[in-house]
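Protein chains in written order, with the numbering used here: chain A, 23 to 468; chain B, 10 to 346; chain C, 605 to 917.
No lab work stands behind these hints: they were computed from the structure.
A portion of the hints provided could be inaccurate.
Simulated crosslink set (BS3-like; lysine-lysine; CA at most 25 Å straight-line) [unchecked claim]: (1) A:Lys387 / C:Lys727; (2) B:Lys226 / A:Lys387; (3) B:Lys332 / A:Lys280; (4) B:Lys286 / B:Lys29; (5) C:Lys727 / A:Lys381; (6) B:Lys28 / A:Lys387; (7) A:Lys387 / B:Lys77; (8) A:Lys116 / C:Lys725; (9) A:Lys413 / B:Lys127; (10) A:Lys304 / A:Lys148; (11) B:Lys29 / A:Lys27; (12) A:Lys318 / C:Lys725; (13) A:Lys256 / A:Lys224.
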Amino acid sequence: MGILKTFVLGGVHPEENKLSSNAPIEKLAIPKQAIVPLGQNLGAPSKPLVKRGDEVKVGQLLAEAGGFISTNIHSPVSGKVLKIDNVIDGTGYKRPGIVINVEGDEWIDEIDRTEDLKTEIKLDGKAIIEKIKTAGLVGMGGATFPTYVKLMPPPGKTAEYLIINGVECEPYLTSDHRLMLEKGPEILVGTQILMKALNVKKAIIGIENNKPDAIKHMQELVKSFEGITVQALKVQYPQGGEKQLIKATVNREVPSAKLPIEVGCVVQNVGTAFSVYEAVQKNKPLIDRVVTVTGKAVKKPSNFLVRIGTPIQQLIDAAEGLPENTGKIIGGGPMMGKALTTTDVPVVKGSSGILLMKKEESQRKVESPCIRCSKCTYVCPMGLEPFLLSKASKLGKYEIAETEKIMDCIECGSCQYTCPASIPLLDYLRLGKNKVGAIMRNRGRN
Amino acid sequence: MNMFTVSGSPHVHGDDSTKKIMYGVVIAMVPAMLVSIYFFGFGAIRVLMLSIVACLFFEWLIQKYLIKGAVTITDGSALVTGILLAFNLPSNLPGWMIIIGALVAIGMAKMSFGGLGKNVFNPALVARVFLLISFPVQMTSWPKPSPITEGFIDTVTGPTPLGIVKEGLTAETPKTMSELSSEIPSAMQSLTGEMGGSLGEVSAIALILGGLYMLYKKIISWEIPVSMLLTVAVFSGIFWGINPEQYADPVFHMLTGGMLLGAIFMATDMVTSPMTKGGQLIFGFGVGLLTILIRMWGAYPEGVSFAILLMNATVPLINRGFKPKRFGVNTGVEIAK
Amino acid sequence: MDNVIIIAVAALGGLGLIAAVILYFIAKKFKVYEDPKIDEVEEALPAANCGGCGFPGCRAFAEATTTSAKKNKNLEGLNCPVGGNDVMQTVGSILGLEVEAADPLIAVIRCNGTFKNTPAKVKYEGATSCAFAHALYGGEGGCQFGCLGLGDCVDACDFDAIHMDPETGLPVVNDKCTACGACVIACPRDIIELRKKGPKDKKIFVSCVNKEKGGPAKKNCAVACIGCGKCDKVCKFDAITINSFLAYIDFEKCTLCRKCVEVCPTEAIWEVNFKPRKPKPVVEKVIPKPVVEKTTVIEKVEASPAPDKETKE
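Isolated chain A (complex conformation) (with noise of 0.2 Å):
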């Protein structure tokens, strides 16, 4: 195989636990309540369409884009509104949302719910962009910045290579492999369809290397598709990461505060991939999602087929229940997965998987000092430093923090796992982002 391709400054590389990699996508049973939070994606929340009381079908629209970062929602179940009110959602606080009883499961007629694959392209750019904005389309890899939005290059920019993120580099996750697995000429369609709104010529597909089985069958599913080829990368987190994915399959480096259409790439998910399939192919608006619910502890870990909305209890019970020493729920994976407080949050597009781990696993180990290891500084995949970022915001000086571009940090986590004293870096790092970040909006203002 030779050497395998990868990003090349700092990474590390966490236990898999890829349990769920077997676990075919099971189809999970219509809830009987959704609960749809209406901040579903990066940027501005999206504005009610419905009031309490409105029947609505599986795919109508309940809401609309509030801004020009926002998407569409459309209704995952039939049924009626119940209320429009403050729901809690992955975030831990109580945001607005729309809240359905679910009678029957009634579609809306524009959508082809026939398993066939459509592999013609009727549509131009323009249209499909229009389609997937319609659709309310958000990066599926967990990040949830709206898919159209990254289709629309800025002026002067042009796109040269379209990256399919197959990585999943998060331990345990396995939504991504399982959707590779099963519904590959979909995904194949659907980078199709993205190249041709991006009007670019070649696409990659990365997968990393401990999905061996899913890089064969898309090494032989792309020889009939032209000007898509597929990618396979040495196992390192976080390669899932776009800057290190465009750094990992063709050699280019995003400058420091710019998007990767800079280096002319543009990265989507296999699952948005496949969405954008469904949406464009087969009118369907994105109302289901694949999620993993995982765990050393878990007696099924699974990958499930959901509708949007519903609460992670019942994927929870589909997976034989909660363990008893359950210590943490984590919405996506380990390592940059939000630790939810309740199983009554409801799964949005960005759900990924659910993790539950056991009490021991989850308790982080005591703080000790800092011996200037530098290790923090070795695995970063950004070249940051981030004892010292750390330091800077614990102390509150956000001038170093921002100079030494705390504002490039991608939230990986790597400082933090491999830090030795088990000190809370990226916690502070965080913190000093979001400093840094209102410090530099405010000076933007004045």
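Based on these hints, arrange chains B and C on the given structure of chain A.
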């Protein structure tokens, strides 16, 4: 009911810890310890035990009664300091001097700066230099090695190879290197450790073994030892090339004195060395250069400890000047249209 | 030998002389006129450089007062909260102005989410920073408005006036408070407010900032303000406003009559430093926190419909 924990990501942690690093260093020092016991016998055990116990005791005393904070003597850092201090002492040093050394190392060089991770200078080296300046006679009379297999005999004291060379070259009627060559140990003897010197500095093989172990365990990185030894080799090589009668050869410089001990265990001390690869290269270069300067023209035959301490003082500056390569800054990659 | 000494002295002396001349001319040329009153005012200030006046340090405040006195002939809007009225009077007399006495203020903590009142539902692990925890999640007790108890206010205080009470998990302000406002800025949840220090430090305030509806608020915290409006109805002085299910008592209008305290169904309104009521047939209202010595104020203060703090992303 389960009470869930909420915290920021990451939710997993690698299994690295300060303890593991410290005990890793201790394991790496075992070969050198065994060699020192083999050659210096009971004296070596005495110095080692006294130094370790005194360091642990002072750390405990200061943490418990002076700072009144948590006692962390089990983290292994005081143990490492104790062994390193012993490695820097001759095996016949009076016990009370060792205890003073331990007090200086722990009290003055480490705790007064705020404890683990906050000290500017390597504690063991500060203690060594303190003792060297305070008790020059005792600190520079080393017992001749006598393998334990030959029984416990009263050992004769004598200077180290470096001392022999220094004295010979700077005597009223200077000797030449070829005249001195019969008095200094052969390269083979330096490798095994059959020469006079402090406990830990005699055996090159044992030290290199420890160094390789630490490299494998990623406790140290190659930059400091390599750049330091390379600098020493190059500079001593230049002078040796100019006049082999007047200057010792590079191999002699690299294998004698505290050079390897310094390069592998002292200069690489995480707390007191620079944090980036570039900085570490410069640091190693500086230590090597200063060592050679002191050895050739200084008053002392041995310069490693002074060189490391001097360079320790420059570490904050080096850290400021040498930043890691940032991602996406000065990429040199042409930005696509 | 003598020669050497003379030459050395002459050379150094000459150098010194030349330098002195150069410095003299430079000092003349670049001299900036400064009102000597600025120095006088600065002398009179507490030199805490806390920024409580809104200026970066006492010197800047002294400059501002002097300029204002010269231009506007008053000191409107300028107040040194740390020095209080005494210092402001002195400053006024230096500048030849009458200074109206401002009401002394004190920081008040408007949350009573003790461990008992808001039982923890989740456990927090991580950086000891309210600002970070605020960005991470709602709070251990589930109230997303209440005190996070990680002590950003304590860290911000330069006067040793605020401490965490380990029993309640809430901060407590003591009489060292100078109302500099550092804690108000530090608190990511806008719980701390500077309120008027009434006669004998008497205060009445709503010790809650929860803007949720009554039901959800009560669910997480036994003593939350539920926005029922009873206090508003009973207040004769129009001092109480209700906004997003939260009552706020305007301390300028409040006359400390204590009527609102009696009617509050959730004990969210606090009276501090009052004498115990005359025994009435009515059930005595027990203040959850015993008020300490005369002036030590335990402030749990009322919630105001304060403008939303910029939410952290």
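Here is what the structure says about each hint:
Taking the CA atoms of A:Lys387 and C:Lys727, the gap is about 15 Å. The hint holds against a cut of 25 Å. Between B:Lys226 and A:Lys387 the CA atoms are separated by roughly 21 Å; this keeps the pair inside 25 Å, and the hint holds. For the hint linking B:Lys332 to A:Lys280, the alpha-carbon distance of about 21 Å falls within 25 Å, and the restraint holds. Between B:Lys286 and B:Lys29, the direct Cα distance comes to roughly 22 Å. Compliance with the 25 Å bound is thereby established for this hinted pair.
Distance check on the hinted pair: C:Lys727 and A:Lys381 sit about 12 Å apart at the alpha-carbon level, within 25 Å; holds. At roughly 12 Å between alpha-carbon atoms, B:Lys28 and A:Lys387 fall within 25 Å of each other, so this suggested pair holds. Between A:Lys387 and B:Lys77, the direct Cα distance comes to roughly 23 Å. Compliance with the 25 Å bound is thereby established for this hinted pair. Restraint check for A:Lys116 and C:Lys725: satisfied, since their Cα atoms lie roughly 15 Å apart, inside the 25 Å limit.
Straight-line distance between C-alpha atoms of A:Lys413 and B:Lys127 comes to about 13 Å, which keeps the hinted pair within the 25 Å bound. Using a Cα cut-off of 25 Å, the hinted pair A:Lys304 and A:Lys148 holds, with the two alpha carbons roughly 17 Å apart. Using a Cα cut-off of 25 Å, the hinted pair B:Lys29 and A:Lys27 is violated, with the two alpha carbons roughly 32 Å apart. Annotation: proposed proximity of A:Lys318 to C:Lys725 holds, straight-line Cα distance about 24 Å (limit 25 Å).
Between A:Lys256 and A:Lys224 the CA atoms are separated by roughly 21 Å; this keeps the pair inside 25 Å, and the hint holds.
Checked against the numbered hints given earlier, this structure breaks only hint 11.
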